[in-house]
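Protein chains in written order, with the numbering used here: chain A, 1 to 186; chain B, 1 to 186.
Check the hints yourself; a few may be wrong.
Put simply, identical chains are the same to the list, so a pair is met inside one copy or across any two.
List time: in silico EDC-like cross-link candidates among lysine to aspartate or glutamate, alpha-carbon distance up to 20 Å [unchecked claim]:
no. : residue 1 : residue 2
1   : Lys97     : Asp167
2   : Lys19     : Glu30
3   : Lys88     : Glu46
4   : Lys57     : Asp167
5   : Lys6      : Glu17
6   : Lys177    : Glu46
7   : Lys88     : Glu106
8   : Lys88     : Glu104
9   : Lys97     : Glu135
10  : Lys97     : Glu136
11  : Lys163    : Glu20
12  : Lys88     : Asp42
Hints are computed from structural coordinates only; laboratory data are not their basis.
None of the values given here were measured: they were computed from a predicted structure.
Protein chains: 2
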Amino acid sequence: MHTKIKFATSNFHKVSEVKEILSHHSISVEHINLKVPEIQSDNLEEIAKASSIEVVKREHIPIFVEDSGLFIKNLNGFPGPYSSYVLKTIGNTGILKLMINIKEREATFKSVIAFCNEKLSSNIFVGEAYGIISEEKRGKIWGFDPIFIPKGMKETFAEMPVKKKNDLSHRKKALEKFVSWYKNRY
Amino acid sequence: MHTKIKFATSNFHKVSEVKEILSHHSISVEHINLKVPEIQSDNLEEIAKASSIEVVKREHIPIFVEDSGLFIKNLNGFPGPYSSYVLKTIGNTGILKLMINIKEREATFKSVIAFCNEKLSSNIFVGEAYGIISEEKRGKIWGFDPIFIPKGMKETFAEMPVKKKNDLSHRKKALEKFVSWYKNRY
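Let's have the full structure, built from the sequences with the hints guiding it.
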């Protein structure tokens, strides 16, 4: 059976990643183009959950949202949930400057999906990808992809073909958890 | 006439600064100790306004909140509204590392007061202090005070006696605008 799920975001790059990943599960994604409101919190789960409820309060239909962040161990989790602000101010260049002379370069990319139904009950699905911060930017520019090398790889996320990146990505892991829950439920 | 105004924050240092400043205006501050919810936005005014409305929705009494941020010109406004997160992750040390070899060190400290009445109507008052980012941390630790030198001064905010700092501060300017409006109104 073919299923259609509504995804709220104003980020078109996210839409195409999510569509590509879910196409392998006979799920089509209907993009609801809106700026998802976000609360300030260190906790991605809390942010995504609050956003999903806020969106359903406005739209009155079941919808999922996705929030992700890069957590660098040596920087106490910075930039964490504040990806878009950090990207448009100090950018990847700023992150690399903060990492100068730092040997411990472990980082985790985390994706949180929050699906909220019309009764405003929200479920959370988390995916993580482990890796290190590269020494320089490499590959096409999107988010922190040019500075993140997944564990065991040599290329950054940004240097990989879309499908290879998606196969390793935090977003795919979160989406697959969501999809298997959703298929049992709906 | 002596006036009493309610101030919602979970930040005790802010309470003592605000009390010291308002004591010169025959105003006493009643501290409502709660964690003020904040939205994610680049715009302090929008954050403070939304917070004040949210707090009054919960407490059902007129209250003011205060939000502040340090905007560094060469870093495109970073760290801006995300002071507390940036302080507990990369801290002042991280900011100074980002500023290594940067000659343009201008920065603005901005304070926004949002006063919301019981009808959920919120008014905004803004104060700014101009200065530069120091080359190293100096003085007692609170927020970004150890790395901010106000225009025309040699000491950082953190090296100054409380009263001297308050006389120059963004927070005082915002509070004084608020107070003169409040006294005409109530």
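Taking the hints in turn, this is what the structure says about them:
1. Lys97 / Asp167: neither (29 Å within a copy, 35 Å between copies)
2. Lys19 / Glu30: within (9 Å within a copy, 52 Å between copies)
3. Lys88 / Glu46: between (23 Å within a copy, 19 Å between copies)
4. Lys57 / Asp167: neither (33 Å within a copy, 45 Å between copies)
5. Lys6 / Glu17: Answer is within; shortest intra-copy Cα gap is 14 Å, inter-copy 48 Å.
6. Lys177 / Glu46: within (18 Å within a copy, 35 Å between copies)
7. Lys88 / Glu106: Between copies, since 19 Å is at most 20 Å while 23 Å is not.
8. Lys88 / Glu104: between (25 Å within a copy, 19 Å between copies)
9. Lys97 / Glu135: Classified as both; 10 Å inside a copy, 16 Å across copies.
10. Lys97 / Glu136: Result: close both inside a copy and across copies, 10 Å intra and 17 Å inter.
11. Lys163 / Glu20: within (8 Å within a copy, 59 Å between copies)
12. Lys88 / Asp42: Cα proximity of Lys88 and Asp42: in one copy and across copies (19 Å, 11 Å).
This entry does not satisfy hints 1, 4, going by the numbered hints stated previously.
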